[in-house]
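The residues making up each chain are set out below.
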Amino acid sequence: MASAHSRMKCGEFRTTYQQDTTIFPTPLARRVAVLSVIFLLVAPSFLNPYFLNLGIQIGYYGVAALGLNIVVGFTGQISLGHAAFFGFGAFASAWLNNTTGIPVFFCIPLAGAMTMALGLIVGIPAGRIKGLYLAIATLASQYILEDFFSRADWFTGGAYGAMANPFSIFGFEFNNDQRYFYVVLFYVVIMFLFGTNLLRSRDGRAFVAVRDHYLSAEIMGINLTKYRILSFGISSFYAGVGGALFGHYLGFVSAEGFTIMLSIQFLGMVIIGGLGSVMGSLMGTAFMVLLPELMEAGVGLVGHSAPGLTHALAYIKEMSIGLAIILFLIFEPDGLSHRWRMIKAYWKLYPFSY
Amino acid sequence: MRKSIMLGSLLVASMAFAGSVSAADTIPVGHLAAYTGPTSGVGIPFGAGIDDALAYINKTGGINGKQIKFETVDYSYNAPRAVATYKKWMSNLKPVAIQGWGTADTEALVKFIAKDKVAYVSASYSGHLTDPTGKSPRTKAPAPYNFFYGPSYSDACRGLVQWAADDWKAKGNSGKPKFIHMGDNHPYPNAPKAACAAYAKELGFDIAPSIVYSLKPADAKAQCLSLKDSGANYAYLGNTSGSNISLLKSCGTVGVKTQFLTNIWGWDENSIKATGDAGDGIAWVVGAASWKDQAPGMKTLRAISKMSDPSGTKPRMLHYVRGVCGTFLMKEAMIKAEAMGGITGENIKKGFEQMKDFVPAGLEGVCSPSTWTAEDHRGTTLVNVYTSKYNGGDFQMKKLATVDVPRRDEWLGW
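If you're matching them up, the sequences are chains A and B in order. Residues 1 to 354 in this note's numbering are what the first sequence lists, from first letter to last. Residues 1 to 414 in this note's numbering are what the second sequence lists, from first letter to last.
Okay, chain B solo, but in the shape it has when bound (with noise of 0.2 Å):
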């Protein structure tokens, strides 16, 4: 009995401070993670990356003096808990811009975002995000406060195609290349699916028909298998690096031939040290100064990683890195929102059009350039192409090229 009562009077105390309000002269900011669930292995370093840089801005001043009021929520990958916790913020902490994770998740919030004018940068780089008004007639619905550094994945991926046709003929072969998509059937590997392979098709290069490899790491031989007796030259990875590794590895041991591509989540550091040799050769994209790279703006970066190790000894991933930019760009366009009369939604989906192959102040040579316009989100159109080898553990990754892919007015939200 007295259980019973103690277990009322606790629910009753919980509903007491629940429900908390925010202050006023804060900028309340959401931070959707994915700590947790199938992607958690790429998510764990961005989302450091925000969680410090947002500490790191709060710590250096603020937005001109004004602190920004964060909340970290992992979602777990889960489309729909994110769009509850979007909503449970919306009644209570009123974002002003969110730092989202996901594909399935941020084109799922594209109407709500707009309805609401949140500014949104998401981890997905989808190519559906990069259409504000709706002009394109590819697009599905307009993303117009829709944001994210970096190419679009559609881009990256026609990048890649672009570098493997110039690789195909560098190595001397002759005849049609055969280009294949790989990854789960999610929204994220999916994102550049469709566009890629027509620009593959535009390229000469057959299509295979694409295989289907799980999202959480699982043994992938039955699909690597496929790969092999589809005789595709080059295989398109869409999932993320803790799935690549197990399906490497798979393929390492059925003795795959194939020359590899995977995007700018689909390899990093760590998954080079846990494939070894069979990770050797692959070609994939990445997006800002890794972390033994010498640039101006290295030092801010190193001063950001203290805010969580403040021994400053732990390396960090190009995740991390990319995590970094996009907060930092957000802060701008927040102090450009501040110029134009308030940090509003509204205001900071202008500041962000407002740049022009801008990079943060302090991050000079970590984030590259990129561009928004009121009319166009993709951010940058250039693809940074790159190998790595394991070479016993002490890797190294390499760059191969820099594709500047078309900016194609029909490729717009696609």
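So that you can see chain A by itself, here it is in the shape it has in the complex (with noise of 0.2 Å):
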């Protein structure tokens, strides 16, 4: 009878701390993601190389978004110097593979630490201010890093940029999409989970207490200038990781690639997923990846009827991009992920909804 009672629930009910801390909210959660990781894991054999390179494109830049959203949808804290961060990794790795001979399997972490490193220092002015002042400090890091990237022939190859090379491991090279599809579905996997994760921890939890009311975190006994540069450091192992799976990724790292419309960009990708929402991150990177394309096909399957549309085609990419953020501030301020779990919420109690 019990059993039968427990299928025949209408809402969602945790009554321990440890149901309400679970990864996956409900066991179908957890069943799909794990399907969903088996499905991609097979994709490589029938996919098509171009949706490969869209689903790797998704992959490194949400690794990355979902750092920015550690430190703008956690912790509260605004970053304009993500793609820096990006773009660091990206020139840490392909440096280190290319100085010191370390295989790329190892130099991917390692540049992911040695911008943890660059954002702990960069976070030490930026723990201590907030608001517009914290925006313009990031911005000063943003604009630092970039000439930094144009003048240090040493470390980035200056103004012609720097080869890198592909992810190799015991000397089999992950030099396509297929393979490299694998490396890119790992470190997903690791660093989404390690996300999922802080957020369970009583770091996670400062972040979050910092983020919703810091006078009052501070009165509990957090320490708010560790938690927002140990909030930065976080996100910029994040980036950093993105950046080098990118490098490797195209095997071209130039300077060109990480300004300040990256920043944006990466703000956009957590805004249209939704802040502080692990999963946003991931569908947020998905829509800003997917959106040009689709304007893409859309201009080609009327292009031909008005050629004048396939010259406009960069432009209708820029702008699609713009007008998606700006819609879903209006309409959708929560992001995908808060539609999405509306279209759950619809679902479950479907059809006596109320």
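Among the hints, a few may not be true.
Going by beta-carbon spacing under 10 Å, a handful of chain A positions derived as facing chain B [stated by the list, open to error]:
#1 Gly158
#2 Met163
#3 Thr259
#4 Leu313
Hint data in this document are derived by calculation from the structure and do not stem from the laboratory. Note that CB positions come from ideal geometry on N, CA and C, so glycine has one too.
Please assemble the complex out of the two chains, which come individually in their own frames, going by the hints.
Right, here's the structure in full:
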């Protein structure tokens, strides 16, 4: 009888702390997550390289976007310099590999650690200021790093950029999309699991406390400066790993790729995906990566009848991103993850939703 | 709710048709253009030349009956975007040849195209692209699949300083003239910097420390004041025409008396009109016939222009003509490749390397003769130095000299 009752739930009830802090809210969610990873594991064997390329892009940008979400969405700080950290990770990994010969396999986490160290340094002033002042401070780090990239010949190859070797392990090269897809998938799973876990920990809840009410958090014994700096550090680690994955995928790293525009795009990803949502980071990234492709495909469909559109494609792509951010801010400020929760709630209670 | 469901179905629908495949009996060619971004002022006419030439080739029978299937992508002068486009092409379009643009992206792609065996005709004339074997000690990486139509940036700049040295004497000056390099901190303006300064020194110039000014057009009075202070007699401008317009206007206001020299992308019909009197007397490199010229090949050129301008009234810029020349050279290389057993990147490369004092059929007098060998990808070392006069809007372009820059072995790849 009792088991029948438990099956006839008309809502989601959590009766223990353990239930409240599981990684996956429901058994179904866990099964879906595991199944989708299994699906992605076999996907390269039948997916066309075009989709693999998009998947890889969503992967490395997604890792970096999660990092930004930890600072912006969970700790409530603002960062306009995320692209510079992303770039630093890419250059650091290429540099480590090219100068020391350490295999790329190890260079990627090492680049993450180097970027984290840099993020902790940049975070020192950032940990003491907030609001607009913090925005400007992170903007400064964006410009300082950008200039560093175009001048530090020894590190970045200067204006010419740096070549990055393909990912390899024990002489086996992950030099095509089919193979590299697995590398990115591995990092996405690890980094997202780590991110979800982090937020269940004391540190993660401290971040949220700092975001929700920094004064109350401080009264409860949370060291504000420490957690703000830590948040920047962890965020930079994510950016560095994402950047390194990007660098070794493209095979070429150039300072031109890490401008303030990319920082804004990262912000767009976490806003569209949902501030303060781990899965939202991935959803927002997928949206931002797929939207220009969607525009291109749309233009391709009607392009034969309106050749002028094909020439305007570059504008349409850029414009659609800006438009998407504005539309989301107006109609869905909580992002895709909130929308997704609403859809789930709708079906869970169907047809008796209230 | 309905909105999100619609969004989802749109996404799925887009995935269904996004990945298209190419037909078998066409020749896939990629075209990386800069219709936006800091170099779009010269990128638009050059890209139009390529697009029109490709359309014309297809209309007049293609390559021995095979149509060229080309895809034009505007990469906004952003090197990483060019590399990403290249990777995307290699998974769907699979081009055998690419018409490319900037120095940063072309040099970044050198290793990729060598590995994938794709013939690459760039609008970058960087000297670093001229050594196919890597035998020159100056060469950082061999560039076996890179070709471009015209003298390299380094040779063009050498030609300009050679002209400057003669000009200095002709004007009856004594003492050492002073030479300065100006340009953005970017691979394209930097490409000839060291090579040109070395030759200028050899010719007896003093070299002033170079001045950086932005590739994006912006006020440059500060740079003009530095130029004035440096006391340079000859200044080489490494940027493209849009940026040079603002520099020359700024320098006109500040009262700089320096003789300006600029490369093939640094000056054109538009900049003469836009700069007005401040641009008079500049010496620059011209690589093909201009629209008003009379030559046997002009008939073909005008027919090509009609592909996008059916009225035939639109005057075309020098860059347009060079875009056509580069594309027609690729076409001829493809015809030679077919005779060798198939249009592959490898055979197109060999086709180029068979050309000796070669002018594409139909463009006689429009394109300058080019020669490539398996050891040397300096298509030409003849540098045509021109000057212009605004003349109240009815501008004139006049040839000052044709400099035959020596083809030294140690300059290969530099």
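Hints and how they fare:
1. A least Cβ separation of about 8 Å between A/Gly158 and chain B falls short of the 10 Å threshold, and the interface hint therefore holds.
2. Below 10 Å, beta-carbon pairs count as interface contacts, and A/Met163 has one with chain B at about 7 Å; its hint therefore holds.
3. Given the 10 Å rule on beta carbons, the hint for A/Thr259 holds: about 9 Å separates it from the nearest Cβ of chain B.
4. Taking 10 Å as the C-beta cut-off, the interface hint given for A/Leu313 holds, the closest approach to chain B being about 7 Å.
When held up to the earlier numbered hints, the structure conflicts with none and fits them all.
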